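Engineer: Listed below are the residues making up each chain.
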Amino acid sequence: MKVLQAITVTAVVLALGTLALVGASRVYGFQRTADWGYQPEQSNEKAEFAWSRLSFNSSMASYGGGGYGRFGYGRGASWMRDYPKADRQFLIAMKRLTRIQGRATEQIVNLDSDDIYNYPWVYAVQVQTWSFNEDEAKRLRQYLLKGGFLMVDDFHGSVDWENFMSGMRMVFPDRAVEDLTNKDEIFHVLYDLDDRFQVPGEQYIRTGRTYEKDGFVPKWRAIRDDKGRVMVAICFNMHLGDAWEWADDPDYPETFASMAFREGLNYVVYGMTH
Amino acid sequence: MFEFFFRYPLASFLKGRFVLLGRWPGWVLVLLMVAAAGGLGWLIWAKRGDAAPKLRTWRAGVIWGLEAALVVLVLLLLWEPAMTVAELSSQQNIIAVVVDDSRSMAIADSGSDGKAAREVAAVKSLQDGVLVGLKKRFQVRVYRLDHGVARLDTAAGDGLAQIAATGTATRIGVGLRELAAETSDLPVGAVVLLSDGGENSDGGLGNIDRETMNVLRNRRWPVHTVGFGKERATKDIEVEEINVAAHAMADSRMAATVRFQQRGYAGQKATLVVKDGDKALVSREVTLAGDGAMQTETLFFHAGTAGARSFAFQVLPLVGEKNLKNNAVTRPVVVSDEKRRILYVEGEPRWEYKFIRRAEDDDKTVQVASMLRTTENKIYRQGISDPKELESGFPVRPEDLFQYQGIILGSVEAGYFTASQQELLREFVDRRGGGVLFLGGRFSLADGGWAGSSVTDLFPTVLPPGRSTFHREAATAELTATGADSPVVRLVDDPVKNVDRWKKLTYMSDYQDAGAPKAGATVLAELKTSGRKMPLLVTQSYGRGRTAVMATSGTWRWQMSEALGDTAHDLFWQQLLRWVVGETPGRVVAGSSVSEAGQTLTDDGKVRLTASVRGIDYLPAADAKVEAHLLGPEGLSTTVEMTPAGDVPGNFVADWTAEKNGAYLAEVTADGGGKELGRDVVAFQRQDGVAENFHTEQNRAMLEKLAADTGGRYWKPEDLGRLPREISYSEAGISIRDTKELWNLPAVFLLLLILMTADWLLRRKWGVV
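Note that the protein sequences, when read in sequence, are chains A and B.
For the first sequence, position 75 (counting from the first letter as 1) is numbered 75 according to the working numbering, and the numbering increases by one without interruption.
For the second sequence, position 24 (counting from the first letter as 1) is numbered 1024 according to the working numbering, and the numbering increases by one without interruption.
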């Protein structure tokens, strides 16, 4: 009897788990992870520009795919989405297409120490999961007000937006979030990007959808400093990181990858000039 | 006493010529003197064996000296010595008595009690018998002196009651020249000048000009000077000189050096203040140096908004100070809000570029137009005035490049510029007078191939060989001694705290070996890395302009790693870039003849306006039409045409007189070919009477020199009683040459007696007699 009970419970749990997984793939999209083949090497190379990926504590670790350790490097933490292949493929493109002297490998930065001030350009993904304590929020605020630049990417839909903003409000309680327009310099600093479109994640290969969740319309938004310069560039309802990561996949459309690279390069050059 | 022994006044000996009246020639006298002295010497030497033992030593020499002197003196008297001296003929000559009537003579530090006004003491000394004594032998004319001389009305008395110490200047040189002109056909035998010596022409240097000295020598006038006033003030602080730029950029940090000295307050604290009207811009406490020592302090203050300003530099009065009017000096400064433009050429996107641009965003008077090579084929332009600006890259025509006042060259190779562009870069500094700042970087300085370029002399350092001078290693910065006094690197007003602030600045992310500074270059800051030091910020003048090297691209860490709100990074770059463009001249550069005197006319309104005019290519515009529009007190508004100076093409001058006390503004405009070439403004001020408040101690050195150079004598007031007699020894006016015998002077007989007595006494003492 006890054996039967155990088998029954196990079957129910497995059934529910399968249902949950199927539901999640429909709602959130299923995220493949590119096989980089080895653990990322940390580099001591010295260069002008270091692609800096922000690691942060996730308030909803399982929501974004898990994660363990506060800023652990274990695969699966939400801030690690597309890491490190997206970063490195972007750096390859940056080296080919610009005169920026960039490091070949990325740099992980966090808000636990002042080391972040050595990296005036920071990229963050899955920011709907981020959460800050007071010290972290203060450090990020000071970083941005001193001249640092933050690009956020890969979060979709209204729920993600609210979660993103709950963290952002700890950093800037009163600063407005604005929609960027074609007139904004960030779309012309390197490439003229008047004709932008939604860049989907890798799930597009299987689903044919350019959106995830209810993020049907891509939004290029920003938080500006007192002089109108973009401090936080918000790439909402799009997944540029995935486009960089899967740019070498023959199934992933080149147009998406190209747009993602151009947008990313514009954001980097803007961050290095404004 | 002197005349008791020598029968005649000392002045007659000083002025007389020694002669021998005897019939026999002088060489016979000399021969006899030598023979007598020699004979005596031989005699004593020959007889020394018979002399007493004591006399065989040096004592024999003493005896010989005394006896030889006795014989020589007697021989001299036989030749009838005398002196001839020129002496003014009685009642045929005029003595000009000149009394300083300037305001400094009202200072009460003279007389027997030291409390009488100088002019009162001067008048009293004349009235105490000097005038009467002079009038017994000469005609006397009394003059008052301030801006010039004016003869006193002697219709009722001696006229000295008209001396009231009210003159607003002391122009001794001018006065003596006027006196010479007025009495050109009169026999003036001598001049008596009663003054404190407070000559305040020549910028207050207290010297008598060469022209006046020539006039006095031509007239052979002995000038007898009588000094009044204390030679050393007991308690006083006096501002001697202010060195501050005549032009400044709006909201810029200005530096002024204040030179002052004090007496009676050595080691005490005093407060230096800079004021704009009633508003104190900055104040600093200083410790006063020793009595009479010249002390120099540098003050930094903000120029404020645009306009013609008059800044007052003051040492706040201390307790017991009597003369408070010499504690402050004002200087006019033209503060301009004209936008200065810098062309920043950057060869690659980098953080230094971003943060320099951000720093300049807060500077309203400096605009940075930049061209950044983002890719091999793209140039990203920022800060441009119109879409066509820099459209074709770095300018190739002078008129395009010369629109900028400064250039920054970032991480960009020399090879990026063509040979003609490099030459244009040199012309930008040399001819146009612009500033060029070279930054460190991967493609900068030696690593950018600049050492082998045609413009290597633009660098203030000798660039090292090789192309591996740029290092992405941490380096800290610290000021040199020169940098500690420079406004360019002043982050904190207090000089000591400023040096400390630099030491505490966070490290820079990289550095570059810029090489050794060239001769004439100035190292303002050094970098420290791995125990080594090398130049960080080096400046130099080049032609009409200036260049500098900042051997790093890592100061952006000052902005990111210092506390939020820390101004060090932005302030440094704003000040450095203002230095780059601040002195860059326009096509018209206005000036005035009083620029070296702090743009201040003292008691004389004559001013020469100058203008250097250049064409659109910054070559001299000799055919320009140049005018100066002057604004002054009481609504004065006039236009003066300026004419070519003749010495240098493109230089123009106009002589003008500022009639009234107050501030003046001259706007110089130049037109060429029907188009305005440019305009510039110069400010100056006329301050009558202010000079009398300075250098109020008696300038005895000048009075003594004037007397000595003219054959006169410096007198103290208490010695004036002898003046009427001694003044007669002069070759000016109508004089006769008198011969005075000297053989019968009591001093001669006394000397004979002394020699004989001494000889006798010594011989007796040493056992000869």
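Wrong hints could be hidden among the right ones.
[What the hints assert, rightly or not] Below, simulated DSS-like cross-link-like pairs (lysine-lysine); rule was C-alpha separation at most 30 Å, straight line:
hint, chain 1, residue 1, chain 2, residue 2
1, A, K95, A, K138
2, B, K1269, A, K46
3, B, K1625, B, K1675
4, A, K46, B, K1533
5, A, K227, B, K1518
6, B, K1518, A, K183
7, A, K46, A, K138
8, A, K183, B, K1115
9, B, K1235, B, K1606
10, A, K183, B, K1675
11, B, K1322, A, K46
12, B, K1325, B, K1364
13, B, K1364, A, K227
14, B, K1322, B, K1235
15, B, K1625, B, K1325
16, B, K1322, B, K1364
17, B, K1675, B, K1275
18, B, K1115, B, K1533
19, B, K1378, B, K1275
20, B, K1503, A, K46
21, B, K1279, B, K1660
22, B, K1115, B, K1235
23, B, K1325, B, K1339
24, B, K1533, A, K95
25, B, K1378, A, K227
26, A, K138, B, K1504
27, B, K1716, A, K219
28, B, K1322, B, K1115
29, A, K138, B, K1124
30, A, K46, B, K1716
31, B, K1518, B, K1606
32, A, K219, A, K183
33, B, K1325, B, K1765
34, B, K1235, B, K1625
35, A, K227, B, K1388
36, B, K1388, B, K1378
37, B, K1269, B, K1503
38, A, K183, B, K1339
For the record, the hints were derived by calculation from the structure and aren't laboratory data.
Source: prediction; values computed, not measured.
Engineer: Next step is simple, just say for each hint if it's right about the structure.
Structural biologist: Here is how each hint holds up against the structure:
1. A distance of roughly 33 Å separates the Cα atoms of K95(A) and K138(A); the hinted pair therefore is violated under the 30 Å criterion.
2. Pair hint K1269(B) plus K46(A) does not hold up; C-alpha atoms about 52 Å apart against a cutoff of 30 Å.
3. Straight-line distance between C-alpha atoms of K1625(B) and K1675(B) comes to about 10 Å, which keeps the hinted pair within the 30 Å bound.
4. Straight-line distance between C-alpha atoms of K46(A) and K1533(B) comes to about 22 Å, which keeps the hinted pair within the 30 Å bound.
5. For a cut-off of 30 Å, the pair hint linking K227(A) to K1518(B) is broken: about 41 Å separates their Cα positions.
6. For a cut-off of 30 Å, the pair hint linking K1518(B) to K183(A) is broken: about 49 Å separates their Cα positions.
7. Taken as a hint, the K46(A) and K138(A) pair is honoured in the structure, with Cα atoms around 28 Å apart against an allowance of 30 Å.
8. As the CA atoms of K183(A) and K1115(B) are separated by approximately 82 Å, the hinted pair breaks the 30 Å bound.
9. The straight-line distance between the Cα atoms of K1235(B) and K1606(B) is roughly 35 Å, outside the 30 Å bound, and the hint therefore fails.
10. Distance check on the hinted pair: K183(A) and K1675(B) sit about 38 Å apart at the alpha-carbon level, beyond 30 Å; violated.
11. Of the supplied pair hints, the one linking K1322(B) and K46(A) is violated, its CA atoms being roughly 67 Å apart against a limit of 30 Å.
12. A threshold of 30 Å between alpha carbons decides the hint, and for K1325(B) with K1364(B) the separation of about 38 Å lies outside it, so the pair is violated.
13. Our distance criterion of 30 Å between C-alpha atoms is met by K1364(B) and K227(A), whose separation comes to about 14 Å.
14. For a cut-off of 30 Å, the pair hint linking K1322(B) to K1235(B) stands: about 7 Å separates their Cα positions.
15. Between K1625(B) and K1325(B) the alpha-carbon distance is near 43 Å, which puts this suggested pair outside the 30 Å criterion.
16. Distance restraint check for K1322(B) and K1364(B): the Cα-Cα separation of roughly 45 Å exceeds the 30 Å cut-off, and the hinted pair is therefore not satisfied.
17. Only pairs whose Cα atoms come within 30 Å are accepted, and K1675(B) paired with K1275(B) is rejected, the gap being roughly 40 Å.
18. Restraint check for K1115(B) and K1533(B): not satisfied, since their Cα atoms lie roughly 61 Å apart, outside the 30 Å limit.
19. Restraint check for K1378(B) and K1275(B): not satisfied, since their Cα atoms lie roughly 51 Å apart, outside the 30 Å limit.
20. Of the pairs offered as hints, the one joining K1503(B) and K46(A) holds, with about 25 Å between alpha carbons and a cut-off of 30 Å not exceeded.
21. For the given pair, K1279(B) sits about 26 Å from K1660(B) by alpha-carbon distance, which is consistent with the 30 Å threshold.
22. Only pairs whose Cα atoms come within 30 Å are accepted, and K1115(B) paired with K1235(B) is accepted, the gap being roughly 15 Å.
23. Restraint check: the Cα-Cα separation between K1325(B) and K1339(B) comes to about 39 Å, which exceeds 30 Å; the hinted pair is violated.
24. Distance check on the hinted pair: K1533(B) and K95(A) sit about 34 Å apart at the alpha-carbon level, beyond 30 Å; violated.
25. Restraint check for K1378(B) and K227(A): the C-alpha separation of about 26 Å stays at or below 30 Å, so the hint holds.
26. With a C-alpha separation of about 24 Å, the suggested pair K138(A) and K1504(B) falls inside the 30 Å cut-off, and the hint holds.
27. At roughly 96 Å between alpha-carbon atoms, K1716(B) and K219(A) are farther apart than 30 Å, so this suggested pair is violated.
28. Taking the CA atoms of K1322(B) and K1115(B), the gap is about 13 Å. The hint holds against a cut of 30 Å.
29. Taking the CA atoms of K138(A) and K1124(B), the gap is near 82 Å; set against the 30 Å cutoff, the hint is violated.
30. Distance check on the hinted pair: K46(A) and K1716(B) sit about 81 Å apart at the alpha-carbon level, beyond 30 Å; violated.
31. For the hint linking K1518(B) to K1606(B), the alpha-carbon distance of about 42 Å lies beyond 30 Å, and the restraint is violated.
32. With a CA separation close to 15 Å, the supplied pair K219(A) and K183(A) stays within the 30 Å bound.
33. Among the hinted pairs, K1325(B) with K1765(B) is inconsistent with the structure: their alpha-carbon atoms are about 69 Å apart, more than 30 Å.
34. For the suggested pair K1235(B) and K1625(B), the alpha carbons sit about 54 Å apart, so the restraint of at most 30 Å is broken.
35. Simply put, K227(A) and K1388(B) have alpha-carbon atoms about 25 Å apart, close enough for the 30 Å limit, and the pair holds.
36. Taking the CA atoms of K1388(B) and K1378(B), the gap is near 15 Å; set against the 30 Å cutoff, the hint holds.
37. Restraint check for K1269(B) and K1503(B): satisfied, since their Cα atoms lie roughly 28 Å apart, inside the 30 Å limit.
38. Straight-line distance between C-alpha atoms of K183(A) and K1339(B) comes to about 27 Å, which keeps the hinted pair within the 30 Å bound.
In this structure, the earlier hints numbered 1, 2, 5, 6, 8, 9, 10, 11, 12, 15, 16, 17, 18, 19, 23, 24, 27, 29, 30, 31, 33 and 34 are contradicted, and the remaining ones agree with it.
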